[in-house]
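Asker: Here is how the chains run, residue by residue.
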Amino acid sequence: MIATSHYVILSLVLFALGIVGLTVRRNFITVLMCVELILNAANINFIAYSRQLGDLTGQVFAVFVITIAAAEAAIGLGIIVALVRLKHNVNLDQVNVMEG
Amino acid sequence: MTTPWMTYLLIPLIKIVVILVVLILLAAYLSWFERRILAFMQIRIGPNRVWPKGWLQAIADALKLFSKEDVIPARAEKLVFLLGPVLATAPALIVFSVIPFGPSDLLRLTDVNIGILFILGVASVGIYGIILGGWASNNKFSLMGGLRSAAQLISYEVPMGFAVVTVVLMANSLSLVKIVEAQKAQHVWFAFPGWLAIPGLIAFFIYFICGVAETNRNPFDLPEAESELVAGFHTEYSGMKFAFYFLAEYANMVVIASIATVLFLGGWLRPFPNVAALAFLDVIPPIVWFFAKVAVFLFVYIWFRGTFPRYRFDQLMALGWKVFIPVSLINLMAVGLGILLLGGPR
Amino acid sequence: MLAWFLANFSAMVFYCLAAVAVAGAVGVIAFRSPVHAALSLLGSFLAVAGVFVLLHAEFLAAVQILVYAGGVMVLFLFVIMLVNVRTLTGEGQYVRRLVPAAVVLGIVLAVLIGVGVVAGGQGAVADPAALTAVAGVPLGNTEAVGWSLYRDYLLPFEVVSLVLLVAMIGAIVLGRKDLGAKEGA
Chain H
0 MIATSHYVIL SLVLFALGIV GLTVRRNFIT VLMCVELILN AANINFIAYS
50 RQLGDLTGQV FAVFVITIAA AEAAIGLGII VALVRLKHNV NLDQVNVMEG
Chain Y
0 MTTPWMTYLL IPLIKIVVIL VVLILLAAYL SWFERRILAF MQIRIGPNRV
50 WPKGWLQAIA DALKLFSKED VIPARAEKLV FLLGPVLATA PALIVFSVIP
100 FGPSDLLRLT DVNIGILFIL GVASVGIYGI ILGGWASNNK FSLMGGLRSA
150 AQLISYEVPM GFAVVTVVLM ANSLSLVKIV EAQKAQHVWF AFPGWLAIPG
200 LIAFFIYFIC GVAETNRNPF DLPEAESELV AGFHTEYSGM KFAFYFLAEY
250 ANMVVIASIA TVLFLGGWLR PFPNVAALAF LDVIPPIVWF FAKVAVFLFV
300 YIWFRGTFPR YRFDQLMALG WKVFIPVSLI NLMAVGLGIL LLGGPR
Chain L
0 MLAWFLANFS AMVFYCLAAV AVAGAVGVIA FRSPVHAALS LLGSFLAVAG
50 VFVLLHAEFL AAVQILVYAG GVMVLFLFVI MLVNVRTLTG EGQYVRRLVP
100 AAVVLGIVLA VLIGVGVVAG GQGAVADPAA LTAVAGVPLG NTEAVGWSLY
150 RDYLLPFEVV SLVLLVAMIG AIVLGRKDLG AKEGA
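So the protein lines, in turn, are chains H, Y and L. The numbers in numbering that gives the first Met the number 0 rise by one with no breaks, and the one at position 95 of the first sequence is 94. The numbers in numbering that gives the first Met the number 0 rise by one with no breaks, and the one at position 329 of the second sequence is 328. The numbers in numbering that gives the first Met the number 0 rise by one with no breaks, and the one at position 158 of the third sequence is 157.
Derived from the structure by calculation, the hints contain no laboratory data. None of these values were measured; they are calculated from a predicted model. Mixed in with the good hints there might be a few duds.
[As the list claims (entries may be wrong)] In the DSS-like style, the derived pairs of lysine-lysine whose C-alpha atoms are separated by at most 27 Å in a straight line are:
| no. | chain 1 | residue 1 | chain 2 | residue 2 |
| --- | --- | --- | --- | --- |
| 1 | Y | K321 | L | K176 |
| 2 | Y | K139 | Y | K67 |
| 3 | L | K176 | Y | K139 |
| 4 | L | K176 | H | K86 |
| 5 | Y | K67 | Y | K52 |
[What the hints assert, rightly or not] Short, incomplete list of chain L residues facing chain Y, as computed with Cβ under 10 Å:
| no. | residue |
| --- | --- |
| 6 | S32 |
| 7 | V62 |
| 8 | L76 |
| 9 | G139 |
For each residue, glycine too, the CB sits at the ideal point set by N, CA and C.
Given these sequences and hints, build the entire structure.
Answerer: So, in structure tokens, the structure goes:
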């Protein structure tokens, strides 16, 4: 039996890596991937505590988080396609004005 | 006398080896059967030279592929290029770990309580082999093939999933063994589930047609359409790596046929399990019934190839999104309503 | 020997999976090519699915593979190939002056949350049978999650499906060809 803290630490490492990637990467696509990573880390926490407490609520919320992650990916990738059409670029620091 | 070593290590290992060897031989021979049957349909003779009467043609083909030069294009992404065939083949083989070939525990590797979800999940990983192979080849035909297959596989996974859920509703379980046992208990095949016969048949047809699309077989073989894309995603592959793609395609055919058998045609059950007068058919062992049904599906695959012209890509997408998804969704709701109002299919 | 092996088997599996998950996450940040980053993230997701199985969440493990590996990452790869990022990756990939700040930020956030979370994680682990029980009857993880989802959390479920609908419409609008036509791009 592995203690819950092990799972939590794994989740924290993934979360921290996601935050780092979110901050340092310029490429919009990679930044989106880092967001997915953070949501995944949250899921590990939800499910680890669902086991710790013997309560299914954590697993149900993980289902919701996965749904939100899928929606976020669809919108994010839609923005990327539109961005490439407009600017021929996916670098975030070149998308700094509101009007195209 | 069984020791833990035997139950945990030895017996599963033997089962794995047997399943893999049978599967790979089946895939190799399927290609030979395909050539013979196509030749018969086109009034030709087909491969009949390798002794005896062409029976060893599949082995000869395999030897030829393995001994050929293995070319990696100069500007390809080496690692991803190598990963492509592996990612295409491995899921097709992994799926067999949960398929029950017969009622006995010895005739399956394991029974997972999320069986059919596991299969859908693992099978969806197979897409990567094709997209990555197409991308890494650094060839526009390969890339087009890879992109087409990504769009096609994602589109057809959806109605396929709905068709599978229809069966799950009828059987009340995700485990493949329990699905077959439910068909036994209800004395029906789920392709004709009592008064739900029409939705059952619709789900069955949708599953099988989507299965043909998922395996990139004619008439949905757009990712490798030779008249427009040379050979599609595997244009740049040769030798061993091509052999793996080849193996993946035929193993996937066997996978789809086996799952269709388990879900819709009663797995290892005899035909008409509701007619007691046919009980003498039980003389034939269950595993023979299973493989006989799989063989029928595989023949239909080859028959399709001999009969239908290839779809255009926009027609393919329209068929998936405008016909199969709405029909399978309405079908699923009809089955759900039917079970809710009238009780399960008995 | 065998008894020890079986007793520690899940721990060994966990450490292997955790190593793969972390390595994959590092790869997402480190690889320059988006395709390699996506592949690395895929490895991480698959390892996390394995972790879910260890946590008695078989249904979520299957959903994780189906949705992330089968859907989301394929979409990522599809878009990466569609926009052909190979030709776009010429300039710098990292915001260099932010690297130390980001590392510090990540660690501080992780420690802050970690302190609270590890403190909350003390105490015995509940009986895993609770995760498969439907109204007291042990049926299976999928059935239990479904029961909880459709009885106790029906309203959130409907709201989430609405979010998906909005996302779908949004993605279709964003993907329309005439979006950039006004600017003549």
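Asker: Confirm or reject each hint.
Answerer: Structure-based check of all given hints:
no.: 1; hint: Y:K321 x L:K176; result: 21 Å, holds
no.: 2; hint: Y:K139 x Y:K67; result: 24 Å, holds
no.: 3; hint: L:K176 x Y:K139; result: 23 Å, holds
no.: 4; hint: L:K176 x H:K86; result: 14 Å, holds
no.: 5; hint: Y:K67 x Y:K52; result: 25 Å, holds
no.: 6; hint: S32; result: 8 Å, holds
no.: 7; hint: V62; result: 8 Å, holds
no.: 8; hint: L76; result: 5 Å, holds
no.: 9; hint: G139; result: 5 Å, holds
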